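Number of protein chains: 2
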Amino acid sequence: MSPTPDSAAVLVIGNEILSGRTRDANVQTIGSALAAMGIRLREVRIVEDRPEAIMEAVNALRVRHQQVFTTGGIGPTHDDITTDCIAAAFGVEVQHHPEAVRRLTHYYGEAETTEVRLRMARIPLGASLIDNPVSAAPGFTLENVHVLPGVPRILAAMLPNVLATLPGGPPIVSRTVTAWIRESDIANELAAVQADYPTLDLGSYPFMREGRFGTSLVVRGGDEQAVNAAAAAVEAFLRARNAAFEPPLG
Amino acid sequence: MSPTPDSAAVLVIGNEILSGRTRDANVQTIGSALAAMGIRLREVRIVEDRPEAIMEAVNALRVRHQQVFTTGGIGPTHDDITTDCIAAAFGVEVQHHPEAVRRLTHYYGEAETTEVRLRMARIPLGASLIDNPVSAAPGFTLENVHVLPGVPRILAAMLPNVLATLPGGPPIVSRTVTAWIRESDIANELAAVQADYPTLDLGSYPFMREGRFGTSLVVRGGDEQAVNAAAAAVEAFLRARNAAFEPPLG
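Residue numbers (the working numbering), protein chains in the order written: chain G, 256 to 505; chain R, 256 to 505.
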């Protein structure tokens with residue numbers, strides 16, 4: 256295990272992910288961005304658009320992790336219930352937030368700022384807004400829970416505005432060695448490198464490409480020098496096996 | 256809510272998903288396949304390759320859902336700990352399964368069936384094997400927990416072998432109407448259709464494409480006639496708004 260100054264969880268709220276209609280993209284976006292600032296994403300839950308499911312999950316995750324990110328369910332339609340569920344989980348009221356109302360009114364214009372659109376200005380009391388540079392409707396942070404939309408491009412644009420408020424550590428770095436060898440052929444050598452570098456995570460991910468078997472060998476950790484040394488040790492045993500491999504991709 | 260004869264959960268075991276290195280594909284594969292046989296995927300958890308995390312999650316999910324599918328961590332390397340964790344969660348031993356040994360030996364040949372490869376024949380006592388038509392190493396079913404590999408192509412090839420053993424209901428069908436309108440413009444009409452069809456799930460999923468805002472309106476449920484009628488009601492209010500839309504894509 257790498258040293259982790261912080262741990263994080265993601266709660267994906269969305270029937271469309273569970274039904275298979277949509278393939279989630281936000282977990283990867285958030286996981287990568289957190290790793291780059293030294294925060295390890297340790298757990299993800301995907302739940303239905305049901306109040307009990309959302310409240311139970313957010314209450315479980317917010318006591319176990321330093322940071323929790325939720326995605327989805329903060330739009331203006333009947334199935335957008337995240338804001339009310341988060342507020343209920345914390346036991347606080349939801350009100351139209353003056354600054355959120357101002358932003359939506361500025362974005363849509365007075366005439367088009369309908370009651371339905373103003374639903375997106377409903378924010379739990381005590382929460383701070385997360386700026387949305389794409390479509391105005393803000394997310395919010397309530398204690399350690401950061402509530403973001405589900406649309407991947409909007410989430411990606413808003414995420415840096417949350418991350419800038421969090422304490423970070425040294426980035427978690429990784430090196431990938433892609434080898435044209437079956438993982439069962441190098442399992443012992445890999446385990447030996449892992450034993451030599453107990454603070455790092457060594458992962459082995461088999462794949463098939465163009466009918467051939469290969470394995471991505473991934474070294475991850477907070478200590479870049481150790482990561483590089485372990486990746487070199489991986490390359491060394493691949494060379495000793497005469498296995499074709501691609502140099503670290505970073 | 257649609258009538259659900261069965262509910263299911265997926266447990267994704269994989270640091271590579273949490274770190275952002277890999278974008279999960281298996282949740283979508285499993286969710287779609289389950290919906291086609293009337294089983295609703297209600298919950299997903301993604302956990303680290305840590306015994307406590309895996310055991311806690313599988314024990315929580317297997318009492319809450321009729322079927323649990325795990326993905327990842329059943330290969331031959333040091334980071335493949337799923338089999339042992341599932342066995343520990345159930346309190347049973349792991350042994351080399353004679354039929355699994357036979358399949359691996361047949362696939363690799365006697366000479367190449369190394370001790371490392373035979374790790375993939377270690378199966379919890381009492382489990383039944385799940386056939387792997389791609390690379391021989393089987394998955395297994397222990398009570399209501401179905402243990403599958405993480406490689407998407409292998410998982411997709413093995414999944415039908417599990418699903419064939421499960422009781423199913425009528426498929427959950429869905430109709431999608433893709434409209435070039437912002438969801439806040441039709442939130443009230445959509446809520447009215449939802450109120451008219453309380454047994455169905457109506458979802459609203461905004462998107463941006465080529466700089467334009469649109470919304471996918473999705474009707475889902477177990478009663479195909481009701482789904483078609485609700486989709487027609489959605490089209491009717493879009494026509495009344497003069498909104499461009501694409502007919503149901505199914």
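The hints are simulated quantities; they were obtained by calculation from the structure and are not laboratory data.
One or more hints might be untrue.
[Claimed, not checked] From the structure, some residues in chain R lie toward chain G, with a derived Cβ separation under 10 angstroms:
| no. | residue |
| --- | --- |
| 1 | N270 |
| 2 | A280 |
| 3 | G286 |
| 4 | R377 |
| 5 | L380 |
| 6 | G381 |
| 7 | P388 |
| 8 | G405 |
| 9 | T431 |
| 10 | V432 |
| 11 | T433 |
| 12 | N443 |
| 13 | A446 |
Bear in mind that the values here come from a model prediction, so they are computed numbers and not experimental data.
Think of the CB as a built atom: it goes at the ideal place given N, C-alpha and C, for glycine as much as any other residue.
We went through each hint and held it up to the structure:
1. N270: 6 angstroms, holds
2. A280: Constraint on A280/R satisfied, holds at 7 angstroms.
3. G286: For G286/R, the interface hint holds, since the closest Cβ of chain G sits about 3 angstroms away, which is under 10 angstroms.
4. R377: Given a least distance of 13 angstroms, the restraint on R377/R is violated.
5. L380: Interface hint status for L380/R: violated (23 angstroms vs cutoff 10 angstroms).
6. G381: 26 angstroms, violated
7. P388: 13 angstroms, violated
8. G405: 8 angstroms, holds
9. T431: With a minimum Cβ separation of about 8 angstroms from chain G (threshold 10 angstroms), the hint on T431/R holds.
10. V432: Since the shortest Cβ distance to chain G is 13 angstroms, the answer is violated.
11. T433: 12 angstroms, violated
12. N443: OK, holds: N443/R within 10 angstroms of chain G, min 6 angstroms.
13. A446: Constraint on A446/R satisfied, holds at 4 angstroms.
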